[in-house]
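Chains as they are written, first to last, in the working numbering: chain S, 43 to 276; chain U, 43 to 276; chain E, 43 to 276; chain X, 43 to 276.
These are computed hints drawn from the structure, not numbers from a lab. Remember, predicted model here, so these are calculated numbers, not experimental data. Among these hints, one or two may not hold up.
Any copy, or any two copies together, can satisfy a pair, since identical chains are not distinguished.
What the hints assert, rightly or not - Below, in silico cross-link-like pairs of lysine to aspartate or glutamate (EDC-like), each with a Cα-Cα straight-line distance of 16 Å or less:
| id | residue 1 | residue 2 |
| --- | --- | --- |
| 1 | K260 | E178 |
| 2 | K265 | E129 |
| 3 | K190 | E178 |
| 4 | K265 | E185 |
| 5 | K260 | E185 |
| 6 | K260 | E179 |
| 7 | K260 | E47 |
| 8 | K221 | D113 |
| 9 | K221 | E129 |
| 10 | K44 | E204 |
Chain by chain, the residues run as shown.
4 protein chains.
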Amino acid sequence: MKFQELRQDVCQTNRALAEAGLVRLTFGNVSGVDRQQGVMAIKPSGVEYNQLQPKGIVILSLETGEVVEGDLRASSDTPTHLLLYQELPYIGGIVHSHSTYATCWAQAQRQIPCLGTTHADHFHGPVPLTRQLKPEEITSNYERNTGKVIIEYLSAEEGNPEQIPAVLVPQHGPFVWGKSPAAALENAIALEEGARTALDTFLLNSHAEQLPTILLNKHFTRKHGCNAYYGQED
Amino acid sequence: MKFQELRQDVCQTNRALAEAGLVRLTFGNVSGVDRQQGVMAIKPSGVEYNQLQPKGIVILSLETGEVVEGDLRASSDTPTHLLLYQELPYIGGIVHSHSTYATCWAQAQRQIPCLGTTHADHFHGPVPLTRQLKPEEITSNYERNTGKVIIEYLSAEEGNPEQIPAVLVPQHGPFVWGKSPAAALENAIALEEGARTALDTFLLNSHAEQLPTILLNKHFTRKHGCNAYYGQED
Amino acid sequence: MKFQELRQDVCQTNRALAEAGLVRLTFGNVSGVDRQQGVMAIKPSGVEYNQLQPKGIVILSLETGEVVEGDLRASSDTPTHLLLYQELPYIGGIVHSHSTYATCWAQAQRQIPCLGTTHADHFHGPVPLTRQLKPEEITSNYERNTGKVIIEYLSAEEGNPEQIPAVLVPQHGPFVWGKSPAAALENAIALEEGARTALDTFLLNSHAEQLPTILLNKHFTRKHGCNAYYGQED
Amino acid sequence: MKFQELRQDVCQTNRALAEAGLVRLTFGNVSGVDRQQGVMAIKPSGVEYNQLQPKGIVILSLETGEVVEGDLRASSDTPTHLLLYQELPYIGGIVHSHSTYATCWAQAQRQIPCLGTTHADHFHGPVPLTRQLKPEEITSNYERNTGKVIIEYLSAEEGNPEQIPAVLVPQHGPFVWGKSPAAALENAIALEEGARTALDTFLLNSHAEQLPTILLNKHFTRKHGCNAYYGQED
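Just need the whole structure built from these sequences, with the hints factored in.
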């Protein structure tokens, strides 16, 4: 069986998504990509996380989206993931979840402001909200069009998918990415904690201020870029 | 011992109800039905979930409600379940719980609006609230009358028990059903998550909008009906 | 070692208090009484629940409060428990905790209204708030005076310690009792869930109504008194 | 290997910090000090708690902040810890976390009021908020300057680091200390519970009152000082 490492990585990160408390039932999926081999790998649709095995992970062509290997049906959200991999060449993993607090912001149709340093460690500013899909974008190619509105947002001036590796799709939930499936999961966990504390912060102070730019820059660059000094890697 | 499969199914789903965090103490019960044999099976009253055994499950006649097999007293909510099975011939399992957030909406006497796609995956619109029981419906045959107000609601134009497999009874809690006990439990878990995120969404945006019909239809039909493409079953 | 059964019962229920999530650190204690032998038994002060052993439980005279058996110092709240046992001859166990949501109501200095049937299953009406202690009641014999304001409340017309087996002490937390330590713990768990759902219900509907008397009576008498039909005991 | 006891203590308390639910990912760190040997010990940067070993703990000179022993890079927050040890000679352990509810108060830029007796058991009054760092304090020596604003607050009239062993840094999170790492962790757990109940108390009563001084003194002195009578130690 080819793609064994990719399968194991994606399988394990899907399980870790559930263990991190970001999903109930089967409301979420993790994918990964192997750009050299030209494939992406994703969770099969509707399979419970604790029963997921590497052999159940579905392998698809990065170019055409056709199944290359796998007996199970791929996640229904596969076309969204595929488009993100096609359009964002520097990402290696994607997490889609309906994690409780991030979903609340998506349902409230509000971006998540950057109110604290933990948020700033992972996201260089607010986590934005895409536009709503139009009726014709819902009725046909819904999942690919979900990817399209994400890319549309990121292509506009304000979006920066490397510095703010997540968006909220309104009335739906977050899509989060990173250099690898594990990095995407880390961002998804940070997003959920940021979403949770931001909500409760507003209950205490409805005028809570976002981080000043200088503090935002300080925390983000502690962990990212050539001058990072957080963690053990250089 | 007859009805062994039904007993095991109902026992296991009652345990899974507790493991899913939907009950505290003994505040909830799952039942199942075998229409060919003309019986329903339900949790015994007041028994702790982790001590529940298949042999403790009580078997009753679907027609008369009389106990067919079982040494323990059936759940006090049995007459509610019985009436639902009698009136809704296509359901195979029922979950009654006092899960925290669904109960809050029942206590607030508000229906749960459909604010997100996860809700729409399971419920084709808001989860409704029945009317309150009248004094004479409380003093005698209380539990059967609880079933009666549910059926009364579902019989009216707006109720659709196949597309919205749950109701809230005011100041009480949710009743949820499905094709099987496991399907009812899945709906109960989705209901609780929908109730939770809807509450917190309103804290962020008291004017949060329900899903437009086209998006509601899209998500519900992804998982239900002849054009469903979610999961592994065809 | 005498009082072995009482020690084991009280030890186990203290551990169960922690397992039920009602305490953090060592913020709570369970006691029990053996009226025939004229003693009460209580958790030692400041000992962690998972390290508690039956031999660590302190036995005191029900009449004088003097230690009868035990090498450890009794909980600092012992004088409160003692007075409650002396004044309420029909109770067999007491739980004092700072469980999160019950504490919020105590800190808000509001009684917990009866908004749902789960609350009504355990408490025949709102869970009341005692008066604040006076300065001279705080500076000397603080813990015994805490018991005194509880008894003072219960002795007044509205208090009914058999039908509403809990009170909140303002800015402090709940005291809960029952026929046995286990029954007191069950009431403490029900209180916490009632406190939690009541808070969130008010966020959804600040005018949420209490249960009508007829529904309150129905649920309370399903579980209590000579016509009870909940559970397996007759 | 020297400093073995200190390493084990700090390692174990970092693990306990995660087990207590006060951190997600690697958002927190515990340190300890050995003043006789002139060193402090702290978590390595970015290492997961459940993979932490005593040998990974970094030992630094209390005087110069230089690494004395250890192959890993010390926590990026080390300069904050170091300054606190240098300026507060009676503390033996420090916990820095981004625990959910304490962080909400920090993000709301509000001190945590003392609304209940559990808070008063650990903190002799509100848990204060330091001033914000100035731009020039962020751009260079950020972590040491974080310590500086804490010490600046504590040096002013109102601060009392022995009686109120915690502060919030605005838009960031809490720093908590104690006589030992374990004592600091106990204070951090109490802080989080106080922060949580204070938030929910304000949802029930936006005018909830702080404890009167006499009750505050009573509870704090039950656990601290020469007349303490809580716990097993004299």
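Hint check results:
In this homomeric assembly, K260 and E178 come within 16 Å of each other (Cα to Cα) only across copies, at 11 Å, whereas the closest approach inside a single copy is 43 Å. Taking the shortest alpha-carbon separations for K265 and E129, neither the intra-copy value of 25 Å nor the inter-copy value of 28 Å comes in at or below 16 Å. Taking CA atoms no more than 16 Å apart as the test, K190 paired with E178 passes inside one copy only; the shortest distance there is 13 Å, against 42 Å between copies. Taking the shortest Cα distances, K265 and E185 sit within 16 Å of each other only across copies (14 Å), while inside one copy they are farther apart (33 Å).
For the homomeric pair K260 and E185, the shortest alpha-carbon distance between copies (11 Å) is at most 16 Å, but the shortest distance inside one copy (37 Å) is not. Proximity of K260 and E179 under a CA criterion of 16 Å is satisfied inter-copy only: 11 Å between copies versus 40 Å inside one chain copy. With identical chains, the CA atoms of K260 and E47 are never at most 16 Å apart, being 36 Å at best within one copy and 35 Å at best between copies. Within a single copy, K221 and D113 get their C-alpha atoms no closer than 27 Å, and across copies no closer than 27 Å, so neither meets the 16 Å cut-off.
In the homo-oligomer, the alpha carbons of K221 and E129 lie at most 16 Å apart inside one protomer (14 Å), although the nearest pairing across protomers, at 42 Å, exceeds that limit. Taking identical chains as interchangeable, the C-alpha atoms of K44 and E204 are never at most 16 Å apart, the minima being 30 Å within one chain and 43 Å between chains.
When each numbered hint is compared with the structure, violations occur for hints 2, 7, 8, 10.
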